[in-house]
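S.K.: Listed here are the chains, written in short residue letters.
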Amino acid sequence: MGETLTIRLTVNGKAYDRPVEPRLLLSDFLRHDLHLTGTHVGCEHGVCGACTVLLDGEAVRSCLVFAVQADGAEISTVEGLATPSDGSGIPHPEDADLHPIQAAFRESHGLQCGFCTPGILMTLVPFLEENPDPDEEQIREALSGHLCRCTGYQNIVTAVRLAADRMAT
Amino acid sequence: MSHDTTFAAPPAEAPARPRQVGESPLRNEDRRLLTGEALFVDDVHLDGMLHAAFVRSDYAHGNVKSVDLTAALEHPGVVAAYAAHDLGDYWEAGPLLVPPPPIDDLEFHAATQVPLAKGKVRHVGEPIAVVVARSPYEAEDGAALVEVDIEPLDVVSDLKGGLEPDSPRIHDQLESNLAAHVIQRKGSWEEVRERAHRVIKRRFWYDHGASAPMENRGIVANWDARSRELTVWDTTQAPIPIRNGLAAMLGLPQSEVRVIAPFIGGGFGPKIMMFYPEEVLLPWISMRLGQPVKWIEDRQESFFATTQERGQDHESELAVDAEGRILGVRDEFLCDTGAYNPYGLTIPINTQCTLLGPYRVPNYHSEFRMVFTNKPICTPVRGAGRQHGVFVMERLLDRAADELGIDRVEIRRRNYLTPEEFPHDHEIIYQDFKPLVYDSGNYAEAMDRAVEMIDYAGFESGAGAAARSEGRHVGLGIVSYVEGTGVGPYEGARVGIEPGGRINLVTGVGTQGQGHFTSFAQIVAEQLGVQASDVEVVTGDTARFGWGTGTFASRGAVVAGNACHAAALEVRKKVLTMASSVLGAAEEDLDLAEGVVRVVGSGESISLGELAALANPLRGAVTPGTEPGLEATAYFGPERGVTASGVHAMILEVDPDTALVRILRYVVVHDCGRVINPMIVEGQIHGGVAHGIGNAFYEELVFDEGAQLLNASFMDYLLPTATDVPTIETDHVETPSPLNPLGVKGVGEAGAIPVGALFAQALENALDVDGFEVREIPLSPNRLFELMRDAREEG
Ligand code: FES
Ligand code: FES
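Chains as they are written, first to last, in our numbering: chain A, 1 to 169; chain B, 1 to 795.
Check before you lean on any hint, since a few could be wrong.
Residues from chain A shown here face chain B by an in silico Cβ test under 10 Å; the list is partial [stated by the list, open to error]:
#1 D28
#2 T37
#3 V41
#4 E44
#5 H45
#6 E94
#7 L98
#8 E107
#9 G114
#10 H146
#11 C148
#12 Y153
#13 I156
In short, the hints are calculated from the structure, not lab data. What you are looking at is a predicted structure, and each value in this text was computed from that prediction instead of being measured. We put the CB at the ideal spot given by N, CA and C, even for glycine.
Produce the entire structure from the sequences given, and follow the hints as far as they go.
M.R.: Following this line, the structure appears as structure tokens:
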């Protein structure tokens, strides 16, 4: 390893203090240094959106951010989405711990191979906070920064609408 | 199931055997995928793991003069580096995966890929050296320091040019760049051509691009000398053949090699290719260094290093009578196999066979030449040459309809095989080496439903014209296709019940998102009277199941699904036999539901878990000659492939100024036999259509004359996004296949196959410009604009 800098940040509420090379991508830092492998990497050039995480509440592509740039930040990844049972009215009791968006993806068959899914979920969290009642066009617009090769997007759109309905009640 | 109603308890307490197949339970695999727990290959982390990076050719064709690893080896962090000569005897060309089928007078010349280029490079991206370091970043640094001296050679980039006598030759041991020449015939084209009312003749170009799964390929290999086990995590669609091949190459017994295909982020064909150079090298490196080693492909690399599909150049003729009935077809085409041809003739034979579609074609002459070029290797991508054939046939029928003044739906109806004509023998050989015989289908019914769903009559008689009179260019397309699916050889499955009542299902095929953890579970749950969520499914781990082939040709549900069914039936039999003796009741009086066997009409019952415990007898309780456990392994090998089919219809609008296309409606009526899980089937169709839309209008691998790929990134190779793919309306026709007990047919590729043909027809309908004909795919706004301009100028 070349010269390193030490960064301090929290990921899913947990504080970390790590030496990193300046060139280390945030996506690699999360996946390979912290072993939070739920965040996926599909292109490493900012197009596919698989690597999306929340950085101080905002959805960013972690393949376009260096780990050192996240010094002092609060990061959320897919691993932090589910909370031990909040009983949010989800009809499948075994899914009660899931975030309503996660549960809606399962119910609507919004994922097939599931590789694109964590990134999409992370985009949707702030999207639904800002747009609690989105129409189809807004949903598709929000998803257009993500590539999914399996689903044709249709069931993802359905899932987002379902999650919005659930979260409204 | 007969119940004695005299003593019947209320239905809630004695439910009929719950139906599982045909339902859409939520998927068993989803929780792991949604929470980030699912293991993909790049998630594997082992202590002391090293990382590999490949040095690849920048030239499409050239002599390798020297490869100098010195600087790379001196770089901090680099542990090892290898070029071809370092491999010694291990250096060997890969296997011919699919030998040519038994077709008379077939000419085939094999040339398969090598682990690292030696002497010559034959396509951009061909691996030349591999550098191993402590981190992936250091491995990349090292790779950049490898000095490669290549003397460029003239390049073969074009199919026709590649066959010219003065063309540069790619494989010195072969006489030319001809990889194969195949003719299949039925009846006499020459004779019908003479007596035909009309002969339509056209030239077509159909190109098909990258599979582009969201997960690139990757491999982790770990040789543990003490336990004598080589473990390989591989993004493969075929873990068992990889295990068998690696064991042979490395001189290990198969029992010491374990290949795991964990969760795979989409396959779509190229992940079944074997052996990729990286697959051959990583295990060898791990054994040499005694450390685990990982390689993860990056996106740009995948455009060269992962196989892809490409274009075909067709010259085609259709002979019809005055009523538009097909008398015969002649089709001659050139197709590209890239620098090597490990996958044999699968793609062009699919084209050749699928061209016949759902139609009665009494005379056929089909001939193709497969050409080596200096481009990346071609192997099947979702559809696998089928869309090329469908495009040709559907386009020819559209032209015949125009010329004869017959409605486009009507001309198809006149030529459909009717349900009474099955099994129908097309008298040519399919990719599974068997005669192309369709098992079943009901093409007219699918067409009727599609016509109704898209309101064809309404569009033709008013809606379309009304839009046009407002100056809008709105068009409707409607086309048919078939898909040969579920080919052999075989798959297997093991079903077992544990003493605690857990039900395990293990099968050899891997899964790339098709929902096998759920649909296979449903098949087993149906027989054992439980819910799909009660069945624990393991796939793609050779340590758990060691026999089988892989996921390709839309065969998972058909071949592995029927193996699961057979194994579950045997376990059910064991359960009932045992319960009958334990409960002292006749088997006919037993009902198996909710994991419990009950004696109908009495309160007696025993759970599956209790039975499983009894099936593992203690000392003294063994009956000689019996086997322990409620477990069974079964295999299924179909006699031949089964034929799925369908109709796609769409309404689109074109802006003639910008050539932008908007899809207003998209309808799919599909027949994949008996449907195991409608939700999953629809999902497969949605994804397939999206892939097809990409193929028709967005995705093109653009090579220059030097066979350099110009758009090797997601910035330049455009995949359809959520704003490009419409809502897809689906319906099913179910003609169960007589060739397997479940009656299922495959569905994996159906959505993608007819989209190019559909687009072409709908565009012509929308623009209605004399002389505007779509004879090529993919289009793009640019290309469409040029075609419209040319037609206007000529008109
Ligand atoms: S991996 Fe970051 S956008 Fe594709
Ligand atoms: S579910 Fe496979 S890429 Fe989206």
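S.K.: Could you work out which earlier hints the structure fails to respect and list their numbers in ascending sequence?
M.R.: Violated hints: none; all satisfied.
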